[in-house]
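Engineer: Spelled out, the chains give:
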Amino acid sequence: MLAAAPIVIQLALGAMALALVLGLLVALARISKSRILRGIALVYVEVMRGTPLLVQLVYIFFVLPAIGVNIDPVPAGILGLGLNYAAYLSEVFRSAILSVEAGQTEAALSLGYTPGKALWKVVLPQSFIVSLGPIGNYFIAMVKDTALTSVIAVTEILKTANIINAQTFETTQVYTAAALLYLLISLPLSRIVSALEKRARIHV
Amino acid sequence: MSDEVIVSVRDVHKTFTVTKTPGMVGRLRGTRKEVNRIEVLKGVDLDVHKGQTVVILGSSGSGKSTLLRCMNKLETIDSGRILVNGHMVGYEERGGKLVDEKASVTAQKRTDLGMVFQQFNLFLNKTALGNVMAPLQDVKKMSRPDAEQHALENLRRVGLLDRKDNYPSKLSGGQKQRVAIARALAMDPSVMLFDEPTSALDPELVEEVLAVIKAIAAQGTTMVIVTHEMQFARDIADIIVVMDQGVIVEKGTPNEVFFKPKHAKTYALLKRSGLAVEPPAA
Chain A
0 MLAAAPIVIQ
10 LALGAMALAL
20 VLGLLVALAR
30 ISKSRILRGI
40 ALVYVEVMRG
50 TPLLVQLVYI
60 FFVLPAIGVN
70 IDPVPAGILG
80 LGLNYAAYLS
90 EVFRSAILSV
100 EAGQTEAALS
110 LGYTPGKALW
120 KVVLPQSFIV
130 SLGPIGNYFI
140 AMVKDTALTS
150 VIAVTEILKT
160 ANIINAQTFE
170 TTQVYTAAAL
180 LYLLISLPLS
190 RIVSALEKRA
200 RIHV
Chain B
0 MSDEVIVSVR
10 DVHKTFTVTK
20 TPGMVGRLRG
30 TRKEVNRIEV
40 LKGVDLDVHK
50 GQTVVILGSS
60 GSGKSTLLRC
70 MNKLETIDSG
80 RILVNGHMVG
90 YEERGGKLVD
100 EKASVTAQKR
110 TDLGMVFQQF
120 NLFLNKTALG
130 NVMAPLQDVK
140 KMSRPDAEQH
150 ALENLRRVGL
160 LDRKDNYPSK
170 LSGGQKQRVA
180 IARALAMDPS
190 VMLFDEPTSA
200 LDPELVEEVL
210 AVIKAIAAQG
220 TTMVIVTHEM
230 QFARDIADII
240 VVMDQGVIVE
250 KGTPNEVFFK
260 PKHAKTYALL
270 KRSGLAVEPP
280 AA
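Read top to bottom, the protein sequences are chains A and B. Per numbering that gives the first Met the number 0, residue 0 is the first one in the first sequence, and the count goes up by one each step. Per numbering that gives the first Met the number 0, residue 0 is the first one in the second sequence, and the count goes up by one each step.
Some hints could be false.
Said to hold, decoys possible - List time: in silico DSBU-like cross-link candidates among lysine-lysine, alpha-carbon distance up to 35 Å: (1) 163(B) <-> 96(B); (2) 41(B) <-> 116(A); (3) 96(B) <-> 125(B); (4) 96(B) <-> 143(A); (5) 125(B) <-> 270(B); (6) 49(B) <-> 32(A); (7) 197(A) <-> 49(B); (8) 32(A) <-> 213(B); (9) 120(A) <-> 101(B); (10) 120(A) <-> 19(B); (11) 140(B) <-> 163(B); (12) 250(B) <-> 116(A); (13) 163(B) <-> 120(A); (14) 120(A) <-> 108(B); (15) 49(B) <-> 101(B); (16) 250(B) <-> 96(B); (17) 250(B) <-> 32(A).
Derived from the structure by calculation, the hints contain no laboratory data.
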């Protein structure tokens with residue numbers, strides 16, 4: 000079962016990377032001047048938050064092949080988790096960006112930054128600091144949500160536990176071990192997250 | 000002082016449009032939006048010559064801050080022209096009409112105007128030195144060592160070399176404002192704009208900031224200052240401009256304005272700050 004732990008880390012890291020990049024893009028779209036971009040981003044967020052992650056994973060793995068898109072279990076898991084968490088992270092980024100005072104942008108503009116550069120160099124670094132805590136929490140939640148990928152044939156911890164259980168019928172031991180393993184991964188993560196947050200927040 | 004005009008303001012008009020979400024009655028009546036139009040600038044003319052210190056006085060709502068913010072297009076104008084070194088900032092003229100120019104062109108032109116805000120607006124995630132260095136690197140594309148050297152020189156000008164590694168959260172209001180001044184100065188603008196630079200400060204911190212501004216003025220920097228500090232205005236200004244309800248009601252040297260105010264508004268301002276003289280002959 001320990002051998003499945005790296006898969007969990009791989010899923011979580013890959014999906015988080017995807018969610019961070021996509022989440023930022025969606026957040027920028029939601030605050031953009033273009034109505035079309037805002038509309039697309041809003042629909043994306045509502046659909047992703049309004050349907051269960053489990054259904055989304057099943058959709059990617061079992062429905063997409065019907066239209067000729069075949070994705071292996073692990074990439075499908077990363078994609079599903081990433082797309083779903085991007086919606087939540089976009090809301091984190093959006094509120095963090097809006098929480099940076101308008102004066103910061105005005106100061107940057109007055110110093111000759113273009114609006115884009117002011118966003119990139121002045122506003123986003125500050126909003127990222129504000130977002131660190133929520134991002135960390137979502138990352139820990141995601142580690143646990145990797146268990147859902149067991150239904151799309153990813154041999155992660157839960158799937159492995161199911162297999163062992165089917166062979167040994169040691170139900171109590173097997174699932175207790177699985178639960179402990181998740182705990183073993185998330186506990187240090189939450190310590191790291193709060194330490195990071197503390198460090199970053201000192202000045203802002 | 001020379002005849003060269005750095006900032007030229009000609010017949011500038013500006014209207015704020017305030018839209019309010021309708022209340023319950025309005026919603027029932029089907030009124031979508033209540034719109035309030037406030038004319039903040041009603042035809043303002045002003046010339047700022049090279050090396051001059053122009054101080055704009057006026058009560059709140061008189062349009063003085065708006066005028067300042069129009070100079071670097073932090074606020075838009077409806078009509079008229081504002082030229083900085085002969086160029087419009089933020090607009091180009093097409094068929095006699097003002098059209099927004101490309102943002103990158105505006106950004107380039109804005110480097111010619113340094114602005115100091117009431118609320119300092121230091122970048123909170125950067126040290127004092129980092130604040131001054133950031134635009135030098137990001138906008139002026141200076142190398143890190145050059146930017147650092149130039150930033151240190153400007154921190155020295157405002158007397159904060161020993162605070163260079165402090166984050167804004169560890170600086171007093173006066174120190175923050177001095178860093179903000181250094182940050183704007185470091186860009187070597189042809190004019191410095193001060194928007195009520197001491198209004199957000201505790202009384203005991205006002206003097207250190209005013210002293211820095213005076214020192215910079217003494218070095219021949221062209222500046223436009225919006226302030227409520229009357230004594231300071233009298234000490235520093237070459238020209239004092241008094242605004243009221245979107246127009247300039249009085250303009251003159253400190254001696255003219257302080258000792259022979261022509262407009263009732265000027266007299267009222269002087270009286271309120273305890274510098275009252277004879278009321279203007281009606």
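Engineer: For each hint, tell me whether it holds in the structure or not.
Structural biologist: Hints and how they fare:
{"no.": "1", "hint": "163(B) <-> 96(B)", "in the structure": "46 Å, violated"}
{"no.": "2", "hint": "41(B) <-> 116(A)", "in the structure": "34 Å, holds"}
{"no.": "3", "hint": "96(B) <-> 125(B)", "in the structure": "41 Å, violated"}
{"no.": "4", "hint": "96(B) <-> 143(A)", "in the structure": "60 Å, violated"}
{"no.": "5", "hint": "125(B) <-> 270(B)", "in the structure": "43 Å, violated"}
{"no.": "6", "hint": "49(B) <-> 32(A)", "in the structure": "39 Å, violated"}
{"no.": "7", "hint": "197(A) <-> 49(B)", "in the structure": "49 Å, violated"}
{"no.": "8", "hint": "32(A) <-> 213(B)", "in the structure": "42 Å, violated"}
{"no.": "9", "hint": "120(A) <-> 101(B)", "in the structure": "20 Å, holds"}
{"no.": "10", "hint": "120(A) <-> 19(B)", "in the structure": "33 Å, holds"}
{"no.": "11", "hint": "140(B) <-> 163(B)", "in the structure": "21 Å, holds"}
{"no.": "12", "hint": "250(B) <-> 116(A)", "in the structure": "39 Å, violated"}
{"no.": "13", "hint": "163(B) <-> 120(A)", "in the structure": "20 Å, holds"}
{"no.": "14", "hint": "120(A) <-> 108(B)", "in the structure": "19 Å, holds"}
{"no.": "15", "hint": "49(B) <-> 101(B)", "in the structure": "27 Å, holds"}
{"no.": "16", "hint": "250(B) <-> 96(B)", "in the structure": "29 Å, holds"}
{"no.": "17", "hint": "250(B) <-> 32(A)", "in the structure": "41 Å, violated"}
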